[in-house]
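Just so you know, the protein sequences line up as chains B and L, in that order. Under this note's numbering, think of the first position of the first sequence as 1, with each following residue one higher. Under this note's numbering, think of the first position of the second sequence as 1, with each following residue one higher.
Hints may be right or wrong, so weigh each one.
You can't tell identical chains apart in this list, so a pair holds if it fits in one copy or across any two.
Using 30 Å as the maximum straight-line C-alpha spacing, the simulated DSS-like pairs for lysine-lysine come out as follows [to be verified]: (1) Lys-68 x Lys-130; (2) Lys-92 x Lys-4; (3) Lys-31 x Lys-220; (4) Lys-4 x Lys-16; (5) Lys-130 x Lys-8; (6) Lys-144 x Lys-68; (7) Lys-220 x Lys-171; (8) Lys-68 x Lys-92; (9) Lys-220 x Lys-8; (10) Lys-4 x Lys-171; (11) Lys-171 x Lys-68.
Source of the hints: derived by calculation from the structure; they are not laboratory data.
There are 2 protein chains.
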Amino acid sequence: MISKNEIKHVRSLHRKKGRKLAGQFIVEGVKGVEEAMASGWQVERVYALEGVEVQSAATYRPIEVSQKDMQQMTALSSPSPAMAILRIPEEKSFDPSVHMDERLLILDDISDPGNLGTILRTADWFGIRKVILSENCVDVFNPKAVQSTMGSLFRVETYRQDLAVCIGQLKEHNPSLHVIATVMDADPIADLDQAVPGALIIGSEAHGIRPEIISLATEKRSIPGISGAESLNASMAAGILMYAWTR
Amino acid sequence: MISKNEIKHVRSLHRKKGRKLAGQFIVEGVKGVEEAMASGWQVERVYALEGVEVQSAATYRPIEVSQKDMQQMTALSSPSPAMAILRIPEEKSFDPSVHMDERLLILDDISDPGNLGTILRTADWFGIRKVILSENCVDVFNPKAVQSTMGSLFRVETYRQDLAVCIGQLKEHNPSLHVIATVMDADPIADLDQAVPGALIIGSEAHGIRPEIISLATEKRSIPGISGAESLNASMAAGILMYAWTR
Numbered sequence: 001m002i003s004k005n006e007i008k009h010v011r012s013l014h015r016k017k018g019r020k021l022a023g024q025f026i027v028e029g030v031k032g033v034e035e036a037m038a039s040g041w042q043v044e045r046v047y048a049l050e051g052v053e054v055q056s057a058a059t060y061r062p063i064e065v066s067q068k069d070m071q072q073m074t075a076l077s078s079p080s081p082a083m084a085i086l087r088i089p090e091e092k093s094f095d096p097s098v099h100m101d102e103r104l105l106i107l108d109d110i111s112d113p114g115n116l117g118t119i120l121r122t123a124d125w126f127g128i129r130k131v132i133l134s135e136n137c138v139d140v141f142n143p144k145a146v147q148s149t150m151g152s153l154f155r156v157e158t159y160r161q162d163l164a165v166c167i168g169q170l171k172e173h174n175p176s177l178h179v180i181a182t183v184m185d186a187d188p189i190a191d192l193d194q195a196v197p198g199a200l201i202i203g204s205e206a207h208g209i210r211p212e213i214i215s216l217a218t219e220k221r222s223i224p225g226i227s228g229a230e231s232l233n234a235s236m237a238a239g240i241l242m243y244a245w246t247r
Numbered sequence: 001m002i003s004k005n006e007i008k009h010v011r012s013l014h015r016k017k018g019r020k021l022a023g024q025f026i027v028e029g030v031k032g033v034e035e036a037m038a039s040g041w042q043v044e045r046v047y048a049l050e051g052v053e054v055q056s057a058a059t060y061r062p063i064e065v066s067q068k069d070m071q072q073m074t075a076l077s078s079p080s081p082a083m084a085i086l087r088i089p090e091e092k093s094f095d096p097s098v099h100m101d102e103r104l105l106i107l108d109d110i111s112d113p114g115n116l117g118t119i120l121r122t123a124d125w126f127g128i129r130k131v132i133l134s135e136n137c138v139d140v141f142n143p144k145a146v147q148s149t150m151g152s153l154f155r156v157e158t159y160r161q162d163l164a165v166c167i168g169q170l171k172e173h174n175p176s177l178h179v180i181a182t183v184m185d186a187d188p189i190a191d192l193d194q195a196v197p198g199a200l201i202i203g204s205e206a207h208g209i210r211p212e213i214i215s216l217a218t219e220k221r222s223i224p225g226i227s228g229a230e231s232l233n234a235s236m237a238a239g240i241l242m243y244a245w246t247r
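Kindly produce the complete structure, drawing on both the sequences and the hints.
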């Protein structure tokens, strides 16, 4: 049994303002909660429906809640069997010197939380460990973004940066850095330079990469399409690029 | 101004049962509605908010509705500025003889409508024109699936089939057909056989391809991952495979 105030507090974390105020965010789903508890991140609360097992090395015992309470707390379209409240970690400062074997992903104003989460999950799959987000990118602690990462949020480091400044610093520290911008009507990605270190820039769903950011790239590439569809979904394009970049 | 009954009717199309009963489905968004009107499919109704322009060669004039009515009719999380009601076309019978230059996509029990729609959009991008759906695949006329296709629904032909029977017929008619199953821990897709005609099978989000369907494949392949993430999103995996298959 939890109080109305507690439910209200969890609901406040659906919105960016509430998350900022409380310094907390929501993880939903049994797998996500289990990964959260194993991640080393600070877990402040775990809720689970009656009878739901949450496997964890921690001695933390979930608070049992009713279906109805979970329904009120969830940020998703259908309530999850388990939910955790985590502390938002302190932002690490970004070090513009990159290791010689490193690949960076740079996201310019991705606005859909599901796309952002899917991109982080896919980056994790392809071994890309650092993702730089433009200042207007959607919040990575948005519940739908967290859900779409399927636990990869705990493994991929994200940095929120002014992209023009950040790319400038990266190039200054790493004069041989390949900076690849993905645009329409450029050379195909099949022969994408896989040299490391490298940085791959993905643009927003509606507008692509901003012109002032494209101008900082050392290379421009496109995913060749044959026909009908005007465009690919932003996370799909990002995933295909990451595949071509890392294989 | 539209009647309560009409709103109720549109809402009935959110569910598969209602769509089957009425033989209709919903397309939302200005771009989707414009593509619907240009598609040659039978458009039975178009609704638009006041002041919203729907470009179309047709002389059909949209019915103006209030924000509140649209809110009640939408199947999406936020109401669209325009909506069309279309007749579900008659199912074409599937011809198991394939043209020599053809690629087929086969989907085994994809359950998320957003994934299905995104897969159709991506197939369209890569010039794949025929998609075979297993009997338990989510409905392609589900409003979220339609939305995610971004108009590709009107360009990609879908056929609902018993996959075991269908693949058997395909192989009988086309003895040299490559049937590729995507599984965990097989050879990487980098050197995927791009020979045509070919068929690529994608499995469900939770269970992959059913074993009895895998056994009908002539080739098995995996997307090599480096690390952390346990899996890729189903539509992401499908998109990367289609890229590797068609490039």
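Discussion item. Output the indices of the hints that this structure fails to meet, ascending.
Written reply: 1, 2, 5, 8, 9, 10, 11
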